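Asks: Chain by chain, the residues run as shown.
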Amino acid sequence: MEVYGRSKDMAQASKMQRERKKRWKNASPVPDVEDPIKELSKGLHLKNFQLIITDIKEVTKTTKTYRLKLAPDSELKRLPLFRAGQYLSVKVNIDGVKVTRPYSISSAPSDVLGDGFYELTIKIKDDGFLSLELFEKWKTGSIISVSGPHGNMYFDDLRDLNEIVGIAGGSGITPFRSIIHEIATQKLDLKLTVLYGSRYEDDIIFAEELSNLAGKLPDKIKVVNICSEPSENWSGPSGFITAELIKKYAGPIEGKTFFICGPQAMYEFLEKEIQSLNIPNRRIRRELYGQPDNITMNPKYLVEFKDKTFNITVRIGNKIETIKASATESVLVSLERAGIVVDSQCRSGECGFCRSLLISGNIFINDEIDGRRAGDKKFGFFHPCSSYPLSDLEIKIPSFKFVKFSPIK
Amino acid sequence: MSSTIHKSSSFDSSYDVVVIGAGLGGLGAALNLALSQKSVLLLEQHNLPGGFASSFVRGRFEFEISLHEMCAVGPPEGPLKGPIRYVLHDESSVDVEFVPVPEAYHLILTGEEHKINVKLPFGVENFIDTVCSAVPETPRESLVKYFDLCRECSEALTFVARSKGKIDFKTLMVKYASFLTTSGYSVAEVTNKFRFPRKTLDLLYPYSCYMGLPASRLDFTIWASLLHLYITQGAYIPKGTSHQMCSAIDTRIRELGGQTEYNTKVKKILVEDRKVVGVETDDGEKIKAKYVITNCSPHLVYGKLISPASAVPVEAHKLNNSRRLGVSAFVVYMGLDASPKDLNLESYGYFISPHMDTEKINKSMLQYENMPDLTASICLNNAIPDCSPPGTTILSITTAFGIDVWKNITPETYFATKNKFARQMIEQVSKALDSPISEHIEEIEVATPQTFSRYTGSFKGGVYGYDLDPWDSLVIRSQVKNKEEFFKGLEFAGGFAAMGHGYNSSLLSGRQAARSVLWKMKKEGG
Numbered sequence: 001m002e003v004y005g006r007s008k009d010m011a012q013a014s015k016m017q018r019e020r021k022k023r024w025k026n027a028s029p030v031p032d033v034e035d036p037i038k039e040l041s042k043g044l045h046l047k048n049f050q051l052i053i054t055d056i057k058e059v060t061k062t063t064k065t066y067r068l069k070l071a072p073d074s075e076l077k078r079l080p081l082f083r084a085g086q087y088l089s090v091k092v093n094i095d096g097v098k099v100t101r102p103y104s105i106s107s108a109p110s111d112v113l114g115d116g117f118y119e120l121t122i123k124i125k126d127d128g129f130l131s132l133e134l135f136e137k138w139k140t141g142s143i144i145s146v147s148g149p150h151g152n153m154y155f156d157d158l159r160d161l162n163e164i165v166g167i168a169g170g171s172g173i174t175p176f177r178s179i180i181h182e183i184a185t186q187k188l189d190l191k192l193t194v195l196y197g198s199r200y201e202d203d204i205i206f207a208e209e210l211s212n213l214a215g216k217l218p219d220k221i222k223v224v225n226i227c228s229e230p231s232e233n234w235s236g237p238s239g240f241i242t243a244e245l246i247k248k249y250a251g252p253i254e255g256k257t258f259f260i261c262g263p264q265a266m267y268e269f270l271e272k273e274i275q276s277l278n279i280p281n282r283r284i285r286r287e288l289y290g291q292p293d294n295i296t297m298n299p300k301y302l303v304e305f306k307d308k309t310f311n312i313t314v315r316i317g318n319k320i321e322t323i324k325a326s327a328t329e330s331v332l333v334s335l336e337r338a339g340i341v342v343d344s345q346c347r348s349g350e351c352g353f354c355r356s357l358l359i360s361g362n363i364f365i366n367d368e369i370d371g372r373r374a375g376d377k378k379f380g381f382f383h384p385c386s387s388y389p390l391s392d393l394e395i396k397i398p399s400f401k402f403v404k405f406s407p408i409k
Numbered sequence: 001m002s003s004t005i006h007k008s009s010s011f012d013s014s015y016d017v018v019v020i021g022a023g024l025g026g027l028g029a030a031l032n033l034a035l036s037q038k039s040v041l042l043l044e045q046h047n048l049p050g051g052f053a054s055s056f057v058r059g060r061f062e063f064e065i066s067l068h069e070m071c072a073v074g075p076p077e078g079p080l081k082g083p084i085r086y087v088l089h090d091e092s093s094v095d096v097e098f099v100p101v102p103e104a105y106h107l108i109l110t111g112e113e114h115k116i117n118v119k120l121p122f123g124v125e126n127f128i129d130t131v132c133s134a135v136p137e138t139p140r141e142s143l144v145k146y147f148d149l150c151r152e153c154s155e156a157l158t159f160v161a162r163s164k165g166k167i168d169f170k171t172l173m174v175k176y177a178s179f180l181t182t183s184g185y186s187v188a189e190v191t192n193k194f195r196f197p198r199k200t201l202d203l204l205y206p207y208s209c210y211m212g213l214p215a216s217r218l219d220f221t222i223w224a225s226l227l228h229l230y231i232t233q234g235a236y237i238p239k240g241t242s243h244q245m246c247s248a249i250d251t252r253i254r255e256l257g258g259q260t261e262y263n264t265k266v267k268k269i270l271v272e273d274r275k276v277v278g279v280e281t282d283d284g285e286k287i288k289a290k291y292v293i294t295n296c297s298p299h300l301v302y303g304k305l306i307s308p309a310s311a312v313p314v315e316a317h318k319l320n321n322s323r324r325l326g327v328s329a330f331v332v333y334m335g336l337d338a339s340p341k342d343l344n345l346e347s348y349g350y351f352i353s354p355h356m357d358t359e360k361i362n363k364s365m366l367q368y369e370n371m372p373d374l375t376a377s378i379c380l381n382n383a384i385p386d387c388s389p390p391g392t393t394i395l396s397i398t399t400a401f402g403i404d405v406w407k408n409i410t411p412e413t414y415f416a417t418k419n420k421f422a423r424q425m426i427e428q429v430s431k432a433l434d435s436p437i438s439e440h441i442e443e444i445e446v447a448t449p450q451t452f453s454r455y456t457g458s459f460k461g462g463v464y465g466y467d468l469d470p471w472d473s474l475v476i477r478s479q480v481k482n483k484e485e486f487f488k489g490l491e492f493a494g495g496f497a498a499m500g501h502g503y504n505s506s507l508l509s510g511r512q513a514a515r516s517v518l519w520k521m522k523k524e525g526g
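First to last, the sequence lines map onto chains A and B.
So for the first sequence, my numbering puts the first residue at 1; every next one is plus one.
So for the second sequence, my numbering puts the first residue at 1; every next one is plus one.
Just so you know, the hints here were simulated from the structure itself, not pulled from any lab data.
Treat the hints with care, since some could be wrong.
If you only want the chain B side, here are some residues facing chain A, beta carbon under 10 Å, derived [unchecked claim]:
1. Asp95
2. Lys193
3. Asp342
4. Ile403
5. Pro411
Keep in mind the model is a prediction, meaning the values are calculated, not measured.
Built from N, CA and C at the ideal position, the CB exists for glycine as well.
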């Protein structure tokens, strides 16, 4: 084979080697370290950054909205943007117990561009020790450590239809508030009907605010409040959110995408109702609800384990520590109780940030929220947030020292 | 309650070798070192192994992040068995299973100049037959000669790689004369000599897209080798996604006594007197090692990691600046609630474009008004039917952008830009395949250069290493390697190393870096 003649061809390789040398010699000596793509990334989501509480509003007797801005000493120029429906993972340190919680952002994405804030709206759960602590101790001026924004329950025009039916329960209204504000400011061109279930009338979060917004844009926004235990004065629909009520207020099922966000009990009740409506999978987006309140209620959980405690030998690299763990608490919670920090964001089996290696022992994996990869299943990796010990365990967790947890004082 | 576990050290005070980054290069390196009974520590900043060779789960789907198909795997036995199988199975007993990809590629050109819809098979003869029947004016004899030349170049490249810097020119002259006369030219320069009609080239060139360069710039030898290996050995993918393959390698490294640690970012490579002495993690832990193999780019290593920074010679920065960073990618991942058949998806891999002019395609990757011209789609179910639940399909559509294009995108325009390109790409594929994709999207994710930067830490979100121009070819890189070692004990693995980018090259480059370290240790009597 000859390209330009044998002698020229045979010299070509050396010519290219000289070309390389020439380019090297003539190149700039200034290190090329500018990375605009990484900078772009910082404007969209971050592993860890600090916020300051600038304002606290009591929304109901059991709910507060915290307005958060960039902490004064932050290196960031602006808060990362997000899509309405996404959450922040809040990292707090309560007397040495470092925990994370996902909270949906209740303010609109456009508020980041304007005044530069997020809002988190947090409701006290009867058994939620963290929310109680936050409620009492987060004050104006408190510094909050977070990561994110994360999450997959947002409107995506590539997938979703632009008529959305939202089904919310309790604090599950927070992502819808974000979406509603985004519609109201015409950043999102959607029609949204929210069926919002609360227990009592005075539990309804953002009742007035959302009804005002709906009143201004009746063609775009509709909010239907449903109370399960209303007073005598309640004139709206009551009970749980049934297929019947969904059809009544949202109209025909066709041509709509359903977003669901609420407590575990609501999902369990809704499952049958949704089934009877024959909505295809692709038309339903469910927000995660975190760890189940009581794993022993899972039909696959063997109740004989419910009072047992086990030892977990935890390895981080060469380090070893043995901790006590209850069979009814997730491995993640047992680690946190022992003061061992493992990265976690969704706490619902999905995001995989807590992925760890099971060296020995048996675990119960809550398969309703088992978001593991096939390779992880094969090679013994598990998500501590969706796994429960059924024997003594030996596990290896990834190191996690670089994230700040803001102390609650 | 407070635990002391975070206060003590996770590591031994020193290792024979520290490997930075658990991408394919880092994994390949750590695997070979563990196999050779060296104490090796593999550190990865993310919480998963694999780098780009990974997967993610959405709903009931698990998506491959970047793999289209692997070269150099080949069938399990026989003369066509490839080095990847040898390294992973025979040499290291890694528990990974490979599945063959059914056809080379399905090419659909939609432009007026050359409208065509043709499936190219594996096997040189079958491939040539298909090209000749799809483009009857193809000079068959020339095409046969072209594939002969590709075979010769591929074999010569293996010969050169095995000669460890001391190339036996006599053998080269006798056995691989055409390799010597084509080495240093671009794909276009050599291929033009064959005077193939434009339409024949259209069918021949799609794989060159995997190299991210137009025919006028891509080094001929690497192209010839790639084409030859794909068409003769076939292409393969790991069962259970790349994440499963990488988890298998990670598991094997640990079985062999190596240590792998995730969520651990290396902040500094510590040097003294132009010698590597260890690394420092981002929480300040120092780990001693005389050898460090890095899966990161030289841009990152010389620009950010070497400490003290003043130890980096200006020559290193100049060398980095003289080379060209490869492209970044843009991928739309979809879980569809219809079967491949209902979606008219009959093939595994599609190249779709208005034309196959590689110069024009590359130009289209440098703007961001509209999507680039060419997409490469993968329907995973057509290689692994049960990769998603019955009645569903996993489809990904990929295109590429020049490394600097996305610097113009701001956070404010990011989501809209991302969806605009994704929509155009879905439309292109739907139209070409007459497939009702958008009616069946159950899950969708879009990865941009920003996404790749975020998860892998790659410089500027690039998914490849340095461009493989004829002046920065594999042959030249292997010849100049010794002259470009600025620090004793520092080796590169992965897409930026001498062997170039791609799954097989990255993995094998890790092994090569490990062998180089082992050889140096032996020489020092260590």
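Asks: So, for every hint listed, does it hold in this structure?
Replies: Do the hints match the structure? See the list:
1. Asp95: 8 Å, holds
2. Lys193: 6 Å, holds
3. Asp342: 14 Å, violated
4. Ile403: 9 Å, holds
5. Pro411: Interface hint status for proline 411(B): holds (3 Å vs cutoff 10 Å).
Violated hint: 3 only; the structure is consistent with all others.
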